[in-house]
Each structure stands twice: as structure tokens, then as C-alpha cells.
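Novice: In the order they appear, the protein sequences are chains A and B. Using the numbering used here, the letters of the first sequence map in sequence onto residues 3 to 116. Using the numbering used here, the letters of the second sequence map in sequence onto residues 3 to 113.
In short, the hints are calculated from the structure, not lab data. Cβ coordinates follow ideal geometry from the N, Cα and C atoms, glycine included.
A few chain A residues facing chain B, derived, Cβ under 7 Å:
#1 Gln43
#2 Gly44
#3 Leu45
#4 Leu92
#5 Thr104
#6 Phe107
Just a sample of chain A residues kept apart from chain B, beta carbon distances all over 10 Å, derived:
#7 Arg15
#8 Lys16
#9 Glu17
#10 Val21
#11 Ser24
#12 Glu26
#13 Val54
#14 Ile62
#15 Glu64
#16 Glu71
#17 Thr79
#18 Thr88
Sample of chain A residues lacking proximity to chain B, with all beta carbon distances greater than 12 Å (derived):
#19 Pro10
#20 Ser75
#21 Lys85
Okay, here's what each chain looks like letter by letter:
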Amino acid sequence: DGGITQSPKYLFRKEGQNVTLSCEQNLNHDAMYWYRQDPGQGLRLIYYSQIVNDFQKGDIAEGYSVSREKKESFPLTVTSAQKNPTAFYLCASSIQGSSTDTQYFGPGTRLTVL
Amino acid sequence: GQNIDQPTEMTATEGAIVQINCTYQTSGFNGLFWYQQHAGEAPTFLSYNVLDGLEEKGRFSSFLSRSKGYSYLLLKELQMKDSASYLCAVLTTSGTYKYIFGTGTRLKVLA
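The task is simple: from the sequences and hints, build the whole structure.
Specialist: Take a look at the structure:
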């Protein structure tokens with residue numbers, strides 16, 4: 003089955019610890035994205051990558067880092083510099099460059115920092 | 003700046019029709035998407051418009067007017083399972099392809 007997986011679904015961490023969220027896709031999509039969603043708010047773009055070994059900051063990149071060493075994988079690290087990391091994190095992918103570019107989302111990871 | 007506006011919340015009755023509006027101001031436009039998101043789950047794709055007019059898909063239809071920066075999602079024959087948030091998103095082309103999302107409209111369907 004083709005799709006996007008994120009793990010884990012729920013994650014708890016102590017304040018001050020870095021944590022890495024996994025995102026894998028087997029859709030052969032070039033572009034991948036990380037969003038953050040807070041209660042009552044829309045999706046805010048953290049980072050995106052249009053091709054392997056390249057990525058760009060989104061609107062709220064501070065306190066986060068990413069890598070894109072493989073087409074299938076786009077892990078997100080939430081660092082201790084992120085002031086308010088508790089949120090629902092969504093990974094998405096799409097075929098790059100198409101005008102009918104539809105994003106497909108993973109199931110999400112709910113991160114709670116204690 | 004880039005901005006997408008949607009009503010925060012709407013309520014409708016099972017079996018009725020509801021229209022969710024979305025207005026946008028973006029630099030570059032390459033299509034407008036509607037997603038459905040149930041609480042605690044990922045958004046799922048509903049519809050895509052890039053040309054003016056109405057796109058119909060079963061009980062769901064979406065309309066776009068590019069000159070007015072306006073879209074709506076029409077849901078017919080509402081069912082209880084349609085209770086969810088509906089997200090409007092614009093694909094912009096200011097340099098690179100990037101999606102801008104609205105805050106979503108939370109729809110409650112009452113029996």
C-alpha cells in the first residue's frame with residue numbers, strides 16, 4: 003500500500019530535550035512538508051523540501067531542523083530552542099511542480115512536552 | 003501579505019445543505035484545495051479548483067472565482083459523519099510552490 007507514515011502517534015518528552023519525528027513516504031513524491039497545528043488554528047508550515055538534499059524554511063522554522071538525505075524520508079527534529087513545542091505535527095508529500103499538486107498527509111504525531 | 007479567511011464555526015442539521023466560504027489574498031495563485039479533517043486526524047483531500055466555476059463530486063461541490071479571490075465548499079444531504087473541520091488552502095507560486103492554509107471551519111451536524 004502506498005502512503006505516508008509518521009511515528010510515533012503520541013510522543014512525550016521532558017522540557018529541554020531534543021526529539022525527532024519520523025516521516026516516510028513510498029509514493030515516489032519529490033516534495034515533502036512539515037506542518038504544525040495548534041488547537042483552533044490552521045496548519046503552519048515549518049520546513050519543506052522539493053528535492054533530496056535540499057530544503058527551505060517555512061513560516062515558523064525557528065527551533066526546528068530537518069534533513070532530506072533520501073527521497074522517502076524527511077525527519078523533523080524539535081530542538082530545545084523551540085519555545086512552545088507541544089502541538090500536533092503533520093507531514094505531507096506531493097508530486098513537485100504539477101499544477102494539480104495535491105498534498106497527501108500522514109496520520110500525524112501529537113507531541114507533548116512536560 | 004498572504005491571507006486566507008474562513009468562518010470559525012458553523013452548525014447545520016442532518017439532511018440539510020451547508021456552504022462554507024473562503025476568501026484569499028495571495029501572491030501568485032496555482033489552485034485552491036479543500037480538505038476535511040476529523041478531530042485528531044490528518045486532513046484528507048476533498049476537491050481542487052484552478053479555473054473559475056463549479057466542480058461537483060457526489061455530495062460535495064466546490065466553486066472558485068479567481069477575480070474575487072473567493073471559493074466555497076457546498077455539502078449536500080448532510081450526514082452526522084460530516085462533522086469535521088474543513089480547511090481551505092491555496093497553492094501559491096511566489097518563487098516556489100507553497101501551500102497557505104486557512105484556520106479551518108468547524109462544522110457541527112445536528113440530528
